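These protein sequences, in sequence, are chains P and B. According to this note's numbering, the stretch in the first sequence is residues 25 to 694, in order. According to this note's numbering, the stretch in the second sequence is residues 90 to 425, in order.
If you are wondering where the hints come from, they were derived from the structure by calculation, not from laboratory data. Just so it is clear, the structure is predicted and the values come from calculations on it, not from any experiment. The beta carbon of each residue, even a glycine, is placed where N, CA and C say it ideally should be. Take the hints with a grain of salt, since some may be wrong.
Chain B is faced by these chain P residues, among others (derived, beta-carbon under 8 Å) [what the hints assert, rightly or not]:
| hint | residue |
| --- | --- |
| 1 | E623 |
| 2 | G627 |
| 3 | C628 |
| 4 | R629 |
| 5 | I630 |
| 6 | N632 |
| 7 | G633 |
| 8 | L634 |
| 9 | A664 |
| 10 | A665 |
| 11 | P667 |
| 12 | A668 |
| 13 | G669 |
| 14 | D678 |
Coverage of chain B stretches by chain P, computed from C-beta distances (three or more under 8 Å per stretch; other residues unrestricted) [said to hold, decoys possible]:
| hint | stretch |
| --- | --- |
| 15 | 227-234 |
| 16 | 300-313 |
| 17 | 334-345 |
| 18 | 361-374 |
Quick list of in silico lysine-lysine cross-link-like pairs, DSS-like style, CA-CA up to 30 Å [said to hold, decoys possible]:
| hint | chain 1 | residue 1 | chain 2 | residue 2 |
| --- | --- | --- | --- | --- |
| 19 | P | K221 | P | K547 |
| 20 | P | K547 | P | K271 |
| 21 | P | K543 | B | K309 |
| 22 | P | K547 | B | K309 |
| 23 | P | K493 | P | K473 |
| 24 | P | K289 | P | K270 |
Spelled out, the chains give:
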Amino acid sequence: MTNFTTSNGNKERIGVYVCHCGSNIAGTVNVEEVAAWVRTELEGLGVLISRDYKFMCSSLGQELIQNDIKELGLTRIVVGACSPHLHEQTFRTACRRAELNPYLCELVSIREQISWVHTDKDQATEKSKAVIAGGVYRVVHHQPLEPLHVPIHPATLVVGGGIAGIQAALELADAGYPVYIVEREPSIGGHMAQFDKTFPTLDCAACILTPKMVSVGSHPNITLLTWSEVRQVEGYVGNFTVTIQKKARYVNDEFCTGCAICQEKCPKKVIDEIYEAGLGYRKAIYTPFPQAVPKYPVIDRQNCIYFQKGTCKACEKFCPTNAIDFTQEDELVTVNVGNIILATGYDLFDARRVSQYGYGRLANVFTSLEFERLSNAAGPTNGDIVLRDGVTVPKTVGIVHCVGSRDRNFNNYCSVICCMQGLKFAHIVHERTGATVYNFYIDMRTAYKAYDEFYQRVLEEGTLFVRGKVAEITDAARLPGEEGKLIIQVEDTLAGKQRRIPVDMVILSSGLEPRSDAKDLAKLFGISCSADGWLIEKHPKLDPVATMTEGIFIAGSVQGPKDIPTSVAQGAAAAARVLGRIQQGEIAIEPILASVDAEKCSGCRICNGLCPYNAIVFHDDRNVTEINPALCQGCGTCIAACPAGAISGTGFSDTQILAQIDGLLLLNAE
Amino acid sequence: MSINGKPKFAMYWAASCGGCEIAVLNTHEKILDIDTNFEVVFWPIAMDAKYNDVKAMEDKSILLTLFNGGIRNTENEEVANLLRRKSQILVAFGSCASEGCIPGLANLSSLSDIFNASYQSASTVNPDNVAPKTSVSVPEGEIHIPAMFPALRPLDQVVSVDYYMPGCPPESHQISRVIDLVIKVISKEADLPPIGSVIGAGESTVCDECPRHRDVKTIKQFVRVQDIDKINADLCLLEQGIPCNGPASRSGCGALCPKSGAQCIGCYGPAEGVLDFGARMITALASVIESNEPSEIERILEGIPDPVGQFYRFNLANSLLRTGTAAWRNNASLKE
Ligand SMILES: Cc1cc2nc3c(=O)[nH]c(=O)nc-3n(C[C@H](O)[C@H](O)[C@H](O)COP(=O)(O)OP(=O)(O)OC[C@H]3O[C@@H](n4cnc5c(N)ncnc54)[C@H](O)[C@@H]3O)c2cc1C
Ligand code: SF4
Ligand code: SF4
Ligand code: SF4
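So that you can see chain P by itself, here it is in the shape it has in the complex (with noise of 0.2 Å):
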């Protein structure tokens, strides 16, 4: 460690740290030489002290700050670390306890911007003394700020009532305090529902849910909301405002008793797509299975004889309650919460999208979520595992990997479920119909617990796996015995030589794909969606339950491809997370806002229908536009927009920005 003191008489006495961050910096940038240079060419800005040290975060590191801040008298803290996501917090919290403002100090990340992204060391530490030059002009100009407080609503809202959001529901009710759940299908319980068995232990998907499910309905601190929709959410942290579409059930939830007569009677039968994935019926008033929560039916207006045509109502005439209720229409009810939990799921990739492979065309040609419902002992042939023709059961079953997933032309990423699955069905296949099952798959992951003696134990039972990427799919027979089959185009990469392989049926493993609404949710909550679509988290490792906006959690698949298992421990985190906050009481929110100056505002309205957060409001009889400090969250969108400059954002200031421009210029001026 090297020390540099000087002395000056400048207003401000600014300290300035170097992290080496073990080798993740000092690998790529000589700490020791930018400390150095920044104390020489610095000093003249009020640079008291500039440091070097290993781990600036480290407990050591954060007393060091707070030793200068005493003996010396600092006024300003420049750390030269990693990025302010991960650790601006830390070094503010130390500063705080040194008795500065922590608003005072500035985190400039020579990590994440510049030894994890170059490897010529020179320009490296050339590059990190100009953005720390930055950061010593910047931190001139800040302002000692002071967060605001704001009381947290104890209702927490949960969206999508999958296993995570059933989770997250739990926890929160249990612990005694008020949660909604919104729920756009008739009933809670997601994709496990459609589910016969799971993997790896194979239990019945429906004996470990329903009791979840069940006490979900019957909750007293959880309000239910199925056949709903979030429409509008206004408000921040603490203090949401939430408007839910209830869509008309055309049942009265307090005459029906669950008896399900009205959907024996209803004579419109409707191919289920959602929940049957397509392979069998509901009807025109239905709940979408037996387990369903709450219990009550939906009528599907669409395809309602009596909405459509106008004469019918066999419900209605067969209901021993009379709860059948024609009038009714969709309501608008509005939640105050406190908190917001986002778990709204994937949807399954399109498989017809793999033209190749042949779905939709080929008829013995299954999807993931088609098969499930094939296998379920509930589903529309008991359970019996046959072909498209209701009758003829596979002597031999091809079961396609990574369909849509680790693949340029759709998904780069793995679907992380799929070969687990894949192995499932092998598995359920082999125990029911005896058939010759083949799994091609490009890599086996099988990486969380018990999941590769799943595995071995598929292997036992006889399944053949054949390694390399399938590459077509066709009913065309070529060779002879491929006559009636399908026949599986695959290379080999193991035994190195290309393959046909004829089958009575193919299941593809689609890959899991973000909600094809993602975007609007994420817009409509104000948050974000990586480029793939799935929202993201705070922090990829310290945070995965959090978002950028405060208040608003995500768990499940929402946040990326996951089993139940993952899914139901970020139910279960998103609840804690939530649980702290309003064991809190309250939570101080950061001072970082945007603000206008009337003088300035001209009312020409631009900034009005900009802001995420609806903190902008407009006065009609004076002309000008004012910010809601208590929702703006300092995001910018309206400073950069106003045309007259009126805006500015507390930290952002123009003079901060361009202040440390000049000090990233300083190396290169003349």
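Position chain B with the ligands against the provided structure of chain P, taking the given hints into account.
Just chain B with the ligands now, kept in the frame of chain P:
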């Protein structure tokens, strides 16, 4: 003070069109106040005077100099330096001196392109290929004419400036206000604003003075004012798709253009504290374009066929992107 006890006044035109001078004359009887209160020592358009007369004056002997026009050639630069030395208060008067204005648009072209366009293009009849030279020998000796610089610079990129008075040209009522103010300062009835201020203009933007009604803005197309059949007389032009620069332009003109149904073109320069007019206006419009479809956005933007003319008409030479000084530094030919 001069012999007659009155403070001295000067006005000069560098690279400009002359409109600023006309605007001063357009103050009508106010011009007499100048004569009453000042001794006019140098004002090429209004009186005969030689540079040597100015050179002979004592430094700081002129109280007020209104300097209009940008710095395009060596003569402009020489006089700017001279007047800076001789003046107590130097005002960058009008858009050219303040931010470059129309002559500054020539910064998009190299000097040789400018000369080619003037002396060689198809529209020029120049069979002998005559081109200007900065010096020529004649029997009487060698004579010189000023040399063009590679870029036009606003006044403050050459000498320090005390005040800026925007406008192309500044509105006469604003000129009168400034004259009144200086007279009051002389008689100690008022103080000068802080050095570096903009004078003779408002604090807000043109929209502030514009009576047109506005709503939350969402723009689905841009149209040129001449391509529109009927302009709604009461509604904000921008909301009708006419790219009005009012939201970003400094107030002071009284919103003359939008009041009469023509879009504000931004001649009063950026609002207080705004560094780059064009960038501000571009982000503002980009924020209210109502589409997320790249192809649709492309189509909407085609409604602005000349972005430089739309956003940088007056401030190109003073913009962050392309300042006169940057062109200046990189041009070796200049250092000859
Ligand atoms: C074929 C297949 C087999 C699988 N088998 C297994 C297995 O054996 N073991 C295992 O661990 N994992 C398995 N998985 C993975 C498992 O499905 C997921 O881990 C799990 O379902 C994720 O739960 P979730 O709550 O995150 O999402 P989901 O189950 O997708 O639930 C999301 C819920 O949100 C609702 N929703 C969506 N959008 C909105 C909205 N805008 N407003 C309100 N509500 C909305 C949906 O209707 C749904 O109820 C399998 C996956 C597939 C495709
Ligand atoms: S900075 Fe502006 S746009 Fe962003 S949250 Fe605040 S008011 Fe809204
Ligand atoms: S964009 Fe600026 S000037 Fe226009 S209304 Fe908003 S704050 Fe006022
Ligand atoms: S017409 Fe132009 S100046 Fe008037 S309010 Fe609209 S944008 Fe502003």
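**Asked** Checked against the structure, which of the hints given earlier come out wrong?
**Response** When the structure is compared with the hints, numbers 15, 19 turn out to be violated.
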